[in-house]
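Student: Position 84 (the sequence shown) corresponds to 84 in our numbering; numbering is contiguous.
Hint data in this document are derived by calculation from the structure and do not stem from the laboratory. Among the hints, a few may not be true.
Cut-off 25 Å, straight-line C-alpha distance, at most; resulting in silico cross-link-like pairs (DSS-like, lysine-lysine) [said to hold, decoys possible]:
| # | residue 1 | residue 2 |
| --- | --- | --- |
| 1 | Lys57 | Lys67 |
| 2 | Lys69 | Lys57 |
| 3 | Lys94 | Lys166 |
Being a predicted model, the structure only gives us computed values, none of them experimental.
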Amino acid sequence: MENNPSSSRTDTKSIEQNRRNQMKDLFSKLNSVVPHQSSRDATSRPDKIGEATNYIKNLQIKLEKMKEKRNNLIDIERSKNASMNMGLKSPQFKIQQMGSALEIVLVTGMDCQFMFNETIRVLQEEGSDIVNASYTVVENAVFHTIHCQVGGSANGALRISEKIKKYLNGC
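Kindly generate the complete structure, drawing on both the sequences and the hints.
Tutor: If you want it as structure tokens, here you go:
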């Protein structure tokens with residue numbers, strides 16, 4: 001078998017050209033699915049890859065938050081089903097903290113409506129800004145959802161939780 005150096009160089013050149021073409025195609029595919037964050041027209045490839053990396057990381061964070069929200073909704077649905085099947089014996093609540101934001105889900109019976117007012121009062125005492133409050137009535141249960149911003153220390157959610165528990169025991 002004859003070993004031709006020019007043939008070897010041609011093969012290496014061809015392999016390298018194929019590799020560059022494949023990388024160009026892959027970069028084009030990546031560039032087509034990632035929204036461009038930069039306002040500059042001429043952005044370098046490393047910058048575009050950096051933008052793609054940040055975009056993917058943000059998508060991962062959003063996915064985790066959506067999973068948490070889905071799990072909370074599943075918990076609420078289970079709570080609704082349980083309260084409908086066995087009757088609601090005492091008020092229940094769940095607090096989820098997301099940074100300075102709190103989501104409070106309060107489930108009460110029709111005879112224990114004052115808990116919503118007490119919860120709002122506790123939130124105001126703790127200096128929270130209530131962003132949204134809503135409720136849904138399902139048979140003999142009332143599902144309250146309250147979204148608020150908590151100022152001050154990171155212990156705000158814990159203090160609020162303890163105060164609400166205190167009122168729940170009295171209902």
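Student: Evaluate each hint against the coordinates.
Tutor: Okay, the hints, checked on the actual structure:
About 15 Å separates the Cα atoms of lysine 57 and lysine 67, which keeps this hinted pair within 25 Å; it holds. A distance of roughly 19 Å separates the Cα atoms of lysine 69 and lysine 57; the hinted pair therefore holds under the 25 Å criterion. Among the hinted pairs, lysine 94 with lysine 166 is consistent with the structure: their alpha-carbon atoms are about 14 Å apart, no more than 25 Å.
In this structure, none of the earlier numbered hints is contradicted; all agree with it.
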